[in-house]
Amino acid sequence: MSVELDSVSRSFGATRAVAGVSLAVRTGELFAVLGPSGCGKSTLLRLIAGFERPDGGTVAVSGEAVAGPRRWIAPERRRVGMVFQEDALFPHLSVEGNVGFGVRGGGRSAARREERSAARRALELVGLHHKGDRYPHELSGGERQRVALARALATRPSVVLLDEPFSSLDAPLRASLRREVELILRDAEATALLVTHDQEEALSLADRVAVMRDGELTQVGPPEEVYARPADRWTAGFLGEVNVLAGLARGDRVETELGRFDLAPAEYAQPASAGGSVHMAVRPEQLELRADELGNAEVIDREFRGHDVLYRLRHEGGRTVLVQLPSLTLYEVGQRVLVRPARAALGTLVD
Numbered sequence: 000m001s002v003e004l005d006s007v008s009r010s011f012g013a014t015r016a017v018a019g020v021s022l023a024v025r026t027g028e029l030f031a032v033l034g035p036s037g038c039g040k041s042t043l044l045r046l047i048a049g050f051e052r053p054d055g056g057t058v059a060v061s062g063e064a065v066a067g068p069r070r071w072i073a074p075e076r077r078r079v080g081m082v083f084q085e086d087a088l089f090p091h092l093s094v095e096g097n098v099g100f101g102v103r104g105g106g107r108s109a110a111r112r113e114e115r116s117a118a119r120r121a122l123e124l125v126g127l128h129h130k131g132d133r134y135p136h137e138l139s140g141g142e143r144q145r146v147a148l149a150r151a152l153a154t155r156p157s158v159v160l161l162d163e164p165f166s167s168l169d170a171p172l173r174a175s176l177r178r179e180v181e182l183i184l185r186d187a188e189a190t191a192l193l194v195t196h197d198q199e200e201a202l203s204l205a206d207r208v209a210v211m212r213d214g215e216l217t218q219v220g221p222p223e224e225v226y227a228r229p230a231d232r233w234t235a236g237f238l239g240e241v242n243v244l245a246g247l248a249r250g251d252r253v254e255t256e257l258g259r260f261d262l263a264p265a266e267y268a269q270p271a272s273a274g275g276s277v278h279m280a281v282r283p284e285q286l287e288l289r290a291d292e293l294g295n296a297e298v299i300d301r302e303f304r305g306h307d308v309l310y311r312l313r314h315e316g317g318r319t320v321l322v323q324l325p326s327l328t329l330y331e332v333g334q335r336v337l338v339r340p341a342r343a344a345l346g347t348l349v350d
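Straight run, no breaks: the sequence shown in numbering that gives the first Met the number 0 ends on number 350.
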């Protein structure tokens, strides 16, 4: 129940939406493709589902090629379930009818009894078995998306594809529903591929994340690795706030205007091993502050976010520095502070 893409490309006129992407999603894995609007991530999903034909390369589902040179398997025969950004439920059908329609829509000739049984199993999985006789307009936005997920799961697909399924929901509901969906998918032991532009969503849900830009993948790896050790400056900035500092490499350390940083694991330190000028990505939470009238920076702005505060500092060298700290202690705008690397902070070299 894996998904494999080998050098897959898709263009629309002069625009290359997907540019030679190779990717492998493992059986039972919850995988996220993260990128800005227009980067090609939804096209990638549509290529797997069979809603688009690749111009080049091969798509395989569960070890079987479904698209490629002289090879094409129709979408309804790929055993792929799809959950869209909008729930796309039929307003004239009950919840059970909507989910059962997914079984019929999958091309099966099951009897009505088997169809209802499949629908009820799927609704049980998403916790909505008691609302099978309701209609879409009687449900909340989160419940409608769970029905859409049940419809995708009712056919017992090899792979579930989710195209920005939470983006139309308000923030509190989005956060709670994505956790529910994660538990549902893991209980179902489903192989799932989610595309999203929301960094928090991808990092919190996925076993692995692929970051996409202009039709290409910039980095693939576990969320903590991609966030802490970005492959380049663009990836570092897209995944969250970051300071890019110039420095001088000295073996496994880099001297910067904010102080000395140890480098991340050896494979990322190799470009600096011979010494010389480098740039490194430092997250705001990798820095610390203390009040100091003779300090090397001044607080010029702060963003209170409840559990933490993001400070913008003007360093004595003229650059702006971002620091993120717990909100237990507050520094005032205009206050002089000393900013320095936090204990055990590891820097990562970037282009």
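It is possible that part of the hints are untrue.
Taking CB as the label site, the calculated pair distances span [what the hints assert, rightly or not]:
#1 G27 to D291: 48 to 54 Å
#2 A343 to L172: 32 to 38 Å
#3 G62 to R112: 28 to 34 Å
#4 R69 to E302: 32 to 38 Å
#5 E315 to D186: 44 to 50 Å
These aren't lab readings, by the way, just hints derived from the structure by calculation. Virtual Cβ for every residue (Gly too), placed ideally from N, Cα, C.
Subject >> Range hint compliance [Cβ, A343 to L172, 32 to 38 Å] >> reply: holds, 37 Å
Subject >> Pairwise beta carbon distance, G62 to R112, judged against the given window 28 to 34 Å >> reply: holds, 32 Å
Subject >> G27 paired with D291, Cβ distance criterion 48 to 54 Å >> reply: holds, 51 Å
Original post:
Holds or violated: 32 to 38 Å for the Cβ distance of R69 and E302?
Top reply: Since the Cβ atoms of R69 and E302 sit about 55 Å apart, the hinted range of 32 to 38 Å is violated.
Original post:
Is 44 to 50 Å right for how far apart the beta carbons of E315 and D186 are?
Top reply: violated, 54 Å
In this structure, the hints that do not hold are numbers 4 and 5, in rising order.
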